[in-house]
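Asker: Going down the list, the protein sequences come from chains E and H.
0 is the number of the first residue of the first sequence in numbering that gives the first Met the number 0; add one for each residue after it.
0 is the number of the first residue of the second sequence in numbering that gives the first Met the number 0; add one for each residue after it.
It is possible that some hints are incorrect.
Label pairs and their calculated CB-CB ranges [what the hints assert, rightly or not]: (1) 32/H / 462/E: 26 to 34 Å; (2) 181/E / 144/H: 55 to 63 Å; (3) 414/E / 40/H: 20 to 28 Å.
These are computed hints drawn from the structure, not numbers from a lab.
C-beta: ideal position from N, C-alpha, C; glycine also.
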Amino acid sequence: MLPRTLCLIVLGTSLLWGCDKNADSEATTEVVFRHALEDSPISLDPAHAATVSAKFLAVNLYDTLYRYKYLARPYELVPNLATSLPQISTDGLEYTIQIQAGTYFQDDPVFINGSGREVTAADFIYSIKRQLDPQTRAQGAWLWVDNIAGLKAWSEAGADYRLPVSGLQAPSRYAIKITLNHANPYFTHSLAQGFAAIVPVEAISKWGREFSSRPVGSGPFQLASFNTSQAVLVRNKNYREDFFSLESEGGIQENHPRLASNNGQKLPLSDRIELLFIKDDVARWNALESDAVDSILAPATLLTQILTTDSEANTRFKLKPALTEKYELLAAREAGFVRINFNMDDANIGYSTDPERNQANLALRCAIRKSYNWKARNQIFSQGSGQVFAGIIPPIVYEFDPEFSPESIRHDPSGARELLRQHGWNADNLPMLTYGYSVSVTQNQMFEQFRGFLIEIGYPAEKIQARKFANFGDFLRALHENNLNTIPSGWEMDYPDASDTLQLYYGPNRTPGSNNANFNNPEYDRLFRKARYMPQSPERTTTLAQLNQIVTDACVTISGLARTRIFIWNKRANVIPDRAFTGGYFLRFATLNTAGNKPESP
Amino acid sequence: MTASLKSAKFSSRYKLPALGTLIFIGFIGILLTLAVYPLAEWQTISPDRFAGISLEHPLGTNALGQDIASRAEKASWHSLRIGFLVALCAGLLGVSLGLLSGWYAGRWPDTVILWLTGVMEAIPFYLFVAALAYALRQFNWSMELAMVITFWTTMARLIRAEVIRLKQRDFILSARAIGLSPGRTLTAHILPNTLPVLLVQLSMIFIAAIKAEVILSFLGLGNNSNISWGQMISESTHEVISGHYMNFVSASILLFMLIYSISLITDSLQTRSDPRQGIA
Chain E
0 MLPRTLCLIV LGTSLLWGCD KNADSEATTE VVFRHALEDS PISLDPAHAA TVSAKFLAVN
60 LYDTLYRYKY LARPYELVPN LATSLPQIST DGLEYTIQIQ AGTYFQDDPV FINGSGREVT
120 AADFIYSIKR QLDPQTRAQG AWLWVDNIAG LKAWSEAGAD YRLPVSGLQA PSRYAIKITL
180 NHANPYFTHS LAQGFAAIVP VEAISKWGRE FSSRPVGSGP FQLASFNTSQ AVLVRNKNYR
240 EDFFSLESEG GIQENHPRLA SNNGQKLPLS DRIELLFIKD DVARWNALES DAVDSILAPA
300 TLLTQILTTD SEANTRFKLK PALTEKYELL AAREAGFVRI NFNMDDANIG YSTDPERNQA
360 NLALRCAIRK SYNWKARNQI FSQGSGQVFA GIIPPIVYEF DPEFSPESIR HDPSGARELL
420 RQHGWNADNL PMLTYGYSVS VTQNQMFEQF RGFLIEIGYP AEKIQARKFA NFGDFLRALH
480 ENNLNTIPSG WEMDYPDASD TLQLYYGPNR TPGSNNANFN NPEYDRLFRK ARYMPQSPER
540 TTTLAQLNQI VTDACVTISG LARTRIFIWN KRANVIPDRA FTGGYFLRFA TLNTAGNKPE
600 SP
Chain H
0 MTASLKSAKF SSRYKLPALG TLIFIGFIGI LLTLAVYPLA EWQTISPDRF AGISLEHPLG
60 TNALGQDIAS RAEKASWHSL RIGFLVALCA GLLGVSLGLL SGWYAGRWPD TVILWLTGVM
120 EAIPFYLFVA ALAYALRQFN WSMELAMVIT FWTTMARLIR AEVIRLKQRD FILSARAIGL
180 SPGRTLTAHI LPNTLPVLLV QLSMIFIAAI KAEVILSFLG LGNNSNISWG QMISESTHEV
240 ISGHYMNFVS ASILLFMLIY SISLITDSLQ TRSDPRQGIA
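Let the hints inform the model, and build the full structure from the sequences given.
Answerer: Have a look at this one:
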C-alpha cells in the first residue's frame, strides 16, 4: 500500500512540477511592458479621444493613416495604414491616399464567423463621417468640418450615412480621395490623430454606446481588460506585417544602440502592455521604484528628489547618482502649455450686455492676470524646469515669438490693486470665482496658490471657491455644462503648428469644443480663418502675432507655462517613451531588454 | 473580588478619564495659544517655502509658504465644529427616531424606522458618506449632511432598545396610568434614563465624524473652502519624501490628541454606565 501511495505522491508532484514549469516557461517568453499614465480615459471610442490617455489608447487599438516617426525630431509624419504620404494636387485641394491591402480588424463576434474582416477605404470614410454625426457627440469634428468639402453640409442635412460626401470618396477598395475646401498644408497631420482612427461599422451597429468600452480595431494591440485603474492590451494577432527599422523611425545607430537591436523585428515588439492609471504623483513614482511599471512621466512635484541640482540653468537634466544605475531619462519641452482661462460666457467676469460692465470685467480679468506669479508657479510645481512665456503660441512651434511683450506675465500686485480701484471694484462687489479641477494634491495646491495671489490684491478669500471633481471626465463635463468661470487648462498639441493652439480661442470652437473660454471675437475669427491654412511665411507669422495680441489684450486667459516633461524608464525596458505629438505610438516599439533583462551599457 | 482586582478596576475607572480630560485640556490649550498667537492667515502664501520653526512660524511653512501652525489651528477648529455639529444633529435624529420606534415597537412606525435603519446600515459606511458628500458637493455643508444621514442609525437602535426595556418598568406604567401623554412620558421619564447610553453614543459619533472628515479630505472630497487635517496629511505625502515633516507631524499629533482623549473619556463613560462593570 505504501509504495503505491508513494508512487501517487511522486506522480502528482511531478505533474504539478511539470505544470509549473510550463507556466514559468510561458511567463518568461511573454514580453510584458508596463507603463503608467496620469489619468484614465473616460471612453475608448476614437470619437472621444480628446484626452491624453484616450488618445494614447486609441492609436494603439486602432489604425490611423499616418503617425509620427518614433525618434525623428522635429516631428515627422510617416505612413501607418497608408502606403505612402498623400499625393497632393498642384492646387493643394485633392489628396489621394492608398491604404495597405491585407490589413484586418481584430477577430471579434461583430464580424461574420468572428473573423476580423479587411480594412478598406470605405472604413476610413465611415470613420470620418462618424465624427460629424451629431449622434456620436464626437469631439474631433473641428479637425475636418471646415476642411473637407461637403462634410459640413452632410452633417447639417441629418448625417445620413447612405448619402455621399463630395470631399470623401473611395475610387477603389484601397484608395481614398479627399477634396478640401481650401488648400491646407497641415491637413495630413489631422490624419495622424486619435480622432482619425479607423473603426468598423459593424462594431458600432452592434455595440452602440457600449462601443466606448468594447473597442474593435486593426491597431497593433487589442484590449484584454479595462477599468478605471488599468488597461491591459495584448498583441493583435491579425496585425499586418510591419517591421521595426531604426533608420525609418529617424533613429541613429550610435545614439540608440539598444533600440537598434530590435531592427527587423515584427511589430508590436511586446506581447502584452499593461497601462496603469496612477493619478497621484507619489504613487506613480513608487510604482516605478517598486518595478510595478517600467516607465512613467516623472512627477513634476518630485523633480528635486529625482534630478541633480547641478543641472546647467535647468537646460540639462540628470538623474541623481543613486538612480542612474537603474533608470534612464528623457527631458523634452512640452508640446503644449498650461494656462488659466476665464469663461467669457459668465456675465460676472466675461461678456456683459452693459458696455460699462464689460469694461469693468475686462479690468477685473486683467487685474487677476497681473496678480498671477508665473515664476512662483513654475518654481513650486515644475521646480523651475518649465518656460514661462507670454501669449498663446508656445515655445515649441516655429511661430513662437520670444520678443512678444512680457507685460501679460509680469507679476504686478500693486498694478492689479490699482486697476481694480480705478474700475470701482472692491471686496463687496467683486464676483464669486469658481475654479474647477479634478481632485489631486497638486491641483489642490495650485488652487491654493491662485487664491493666495488673489488675496494679495485684496480679493476676499471666501469669494474664490474650489469646485473639485473626482476625475478629469467629470471636470470636462462641468466645462461642457458651463458651470465654471475660472478654468485651469492644459493643452497637448495635436500637431506641431501654432494654429493648433490659436484654435483654442476661435469662436466656432466654443464649449463643448476646445474653446472653453468661449472667447468670441469676430476680428480674431476672421484672422484665424485667414491664417490657419496659409503656408509658413512672413505674412502668416504677422497674422499669428496679431491673433496672439488680440487674446492677450482681451485678458481672456492667464498664459502661460510650457513645462518640461521628464520621462523616466527602467533600464530593463527598451523604449523611448516620448509622447509629445506622437501620443502613445511608442507602445508598439516598447519591449524589454533580452539576455535575462540585463541592460546594455549606455 | 480580590483587593488587586478592585484596585485595577478603580484605576481604570478614574485614571483613564482623568488622562483623557488632561489630553483634551492640553489640546484646547494648544488651540487657544495658537488662536492668540500672531500668525499669518491660513490661506496666505509667501515666498518663504518650507521655512523651519521660528517665532514667526512656530511650526514652519509648507510648499506654498503657508504657516503650518495657522493651518493646523484652523483645521482643528474645523474638526471640532464638524464633530460637535454631526454628533448633535445625528444624535437628535437618532434619539427622536429611537424613542418613536421603541414606544411603538411592533407597530408600523417601528417597522418603517427599523427598515430604514437596516437599509442605511447595509450600505458600506465610508462609501456612502463619500458618495453623498460628492453628490452634494455644490452645497457647502454636504459632508456634514452626509454624515448626519449615515450616523444616526446606531443611536436609534440603542435608544429603541432602552425605551422597550424602560417602558415595562413600574414607574413608566404608573406614569401612563395617571394619564401622562406619550410625548411627556418619553421626554420626562424615559429620555433621562437613557442618558448614559446617549452620552457614550454621542461621543462615538463625534469621533466617527472627525475620522470620516479626515479621510474624505485626504481623498480630496472635503469642504472646498476650509483647511482640514486630512488635507494637510495628503499634502504631506509629497513633502515627507523630501524631508519636510511638519505638515504631517502637526496634523497627526493634533488628530491623535483629540481622538485619543475623547476615546478615553468615552471608554470611561461606557464603563460607568454598564452595571456589570460596577465595583463590587
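Asker: It remains to establish, for every hint, whether it holds in the given structure.
Answerer: Verification of the supplied hints:
no., hint, in the structure
1, 32/H / 462/E: 26 to 34 Å, "31 Å, holds"
2, 181/E / 144/H: 55 to 63 Å, "57 Å, holds"
3, 414/E / 40/H: 20 to 28 Å, "23 Å, holds"
The structure agrees with every numbered hint stated previously.
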